[in-house]
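Colleague: As a plain string of letters, each chain reads:
There are 2 protein chains.
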Amino acid sequence: MEELATALGRNIRQKRKEKGFSQDAFALATGIDRSYIGRIERGEVNITVEKLYEIAAVLQCEPASLLPAQTTL
Amino acid sequence: MEELATALGRNIRQKRKEKGFSQDAFALATGIDRSYIGRIERGEVNITVEKLYEIAAVLQCEPASLLPAQTTL
Numbered sequence: 001m002e003e004l005a006t007a008l009g010r011n012i013r014q015k016r017k018e019k020g021f022s023q024d025a026f027a028l029a030t031g032i033d034r035s036y037i038g039r040i041e042r043g044e045v046n047i048t049v050e051k052l053y054e055i056a057a058v059l060q061c062e063p064a065s066l067l068p069a070q071t072t073l
Numbered sequence: 001m002e003e004l005a006t007a008l009g010r011n012i013r014q015k016r017k018e019k020g021f022s023q024d025a026f027a028l029a030t031g032i033d034r035s036y037i038g039r040i041e042r043g044e045v046n047i048t049v050e051k052l053y054e055i056a057a058v059l060q061c062e063p064a065s066l067l068p069a070q071t072t073l
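If you're matching them up, the sequences are chains W and B in order.
Everything in the first sequence is counted per UniProt numbering, starting at 1 for the first residue and increasing by one.
Everything in the second sequence is counted per UniProt numbering, starting at 1 for the first residue and increasing by one.
Worth flagging that the hints you see were computed from the coordinates, not collected in a lab.
These figures come from a predicted structure and were not determined experimentally.
Any given hint might turn out to be false.
As the list claims (entries may be wrong) - List time: in silico DSSO-like cross-link candidates among lysine-lysine, alpha-carbon distance up to 30 Å:
no.	chain 1	residue 1	chain 2	residue 2
1	B	Lys-17	W	Lys-51
2	W	Lys-51	W	Lys-17
3	B	Lys-19	W	Lys-51
4	W	Lys-51	W	Lys-19
5	B	Lys-15	B	Lys-51
6	W	Lys-51	B	Lys-51
7	B	Lys-51	W	Lys-19
8	B	Lys-51	W	Lys-15
9	B	Lys-17	B	Lys-51
10	W	Lys-15	W	Lys-51
11	B	Lys-19	W	Lys-19
12	W	Lys-17	B	Lys-51
13	B	Lys-51	B	Lys-19
Unchecked claim - Some chain W residues near chain B, calculated using beta-carbon distances under 7 Å:
no.	residue
14	Val-49
15	Glu-50
16	Gln-60
17	Glu-62
18	Leu-67
Here a beta-carbon is modelled for each residue, glycine too, at the ideal position from N, C-alpha and C.
With the sequences and hints as input, model every part of the structure.
Modeller: Right under this line is the structure:
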């Protein structure tokens with residue numbers, strides 16, 4: 001399901017920019033390594049649901065809102 | 001975030017029963033080991049987003065619908 005990671009990463013990147021975070025500021029706020037943030041956003045890693053919640057908490061959005069619809073994959 | 005895994009596991013178990021799957025049948029359909037299904041449903045493991053999609057596909061529901069709201073955790 002490489003498409004899933006790609007679509008999820010795209011959604012996270014879009015929301016991060018919407019909220020005005022640079023990758024550096026986002027790394028600091030989430031406590032996730034900056035290079036790992038890059039890998040998430042490029043869909044190179046398959047994150048855990050827990051990590052999704054940590055990201056959503058910083059982005060002040062519901063975790064579910066970051067998930068691509070199954071039907072679009 | 002132990003509460004997250006617990007709440008997510010509860011939602012998965014509820015939907016599995018709703019759809020009429022025994023744990024055995026669900027294990028067979030998802031290709032996930034039966035004992036691991038038990039651990040997921042008891043909130044003992046932190047699954048990946050990809051695994052969530054595999055589970056939702058078998059349960060014929062949107063992955064997002066299985067996620068507990070952040071505000072309820």
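Colleague: Compare the structure with each hint and give your call.
Modeller: Against the structure, the hints come out as follows:
1. Lys-17/B - Lys-51/W: holds (27 Å)
2. Lys-51/W - Lys-17/W: holds (19 Å)
3. Lys-19/B - Lys-51/W: holds (28 Å)
4. Lys-51/W - Lys-19/W: holds (18 Å)
5. Lys-15/B - Lys-51/B: At roughly 15 Å apart (the allowed maximum being 30 Å), Lys-51/B and Lys-15/B satisfy the hint.
6. Lys-51/W - Lys-51/B: Roughly 14 Å between the alpha carbons, so the hint for Lys-51/W and Lys-51/B holds.
7. Lys-51/B - Lys-19/W: Distance of about 28 Å is within 30 Å: holds.
8. Lys-51/B - Lys-15/W: holds (23 Å)
9. Lys-17/B - Lys-51/B: Between Lys-17/B and Lys-51/B the Cα gap is close to 18 Å, so the pair holds against 30 Å.
10. Lys-15/W - Lys-51/W: Given pair Lys-15/W, Lys-51/W holds - Cα atoms ~15 Å apart, limit 30 Å.
11. Lys-19/B - Lys-19/W: Judged against 30 Å, a Cα distance of about 39 Å means the pair is violated.
12. Lys-17/W - Lys-51/B: holds (27 Å)
13. Lys-51/B - Lys-19/B: Cα-Cα ~18 Å, so holds.
14. Val-49: Because about 6 Å separates Val-49/W from the closest Cβ in chain B, which is inside the 7 Å limit, the hint holds.
15. Glu-50: Hint holds; Glu-50/W Cβ to chain B Cβ min 5 Å, cut 7 Å.
16. Gln-60: Constraint on Gln-60/W not satisfied, violated at 9 Å.
17. Glu-62: OK, holds: Glu-62/W within 7 Å of chain B, min 6 Å.
18. Leu-67: Constraint on Leu-67/W satisfied, holds at 5 Å.
When the structure is compared with the earlier hints, violations turn up for hints 11, 16 and for no others.
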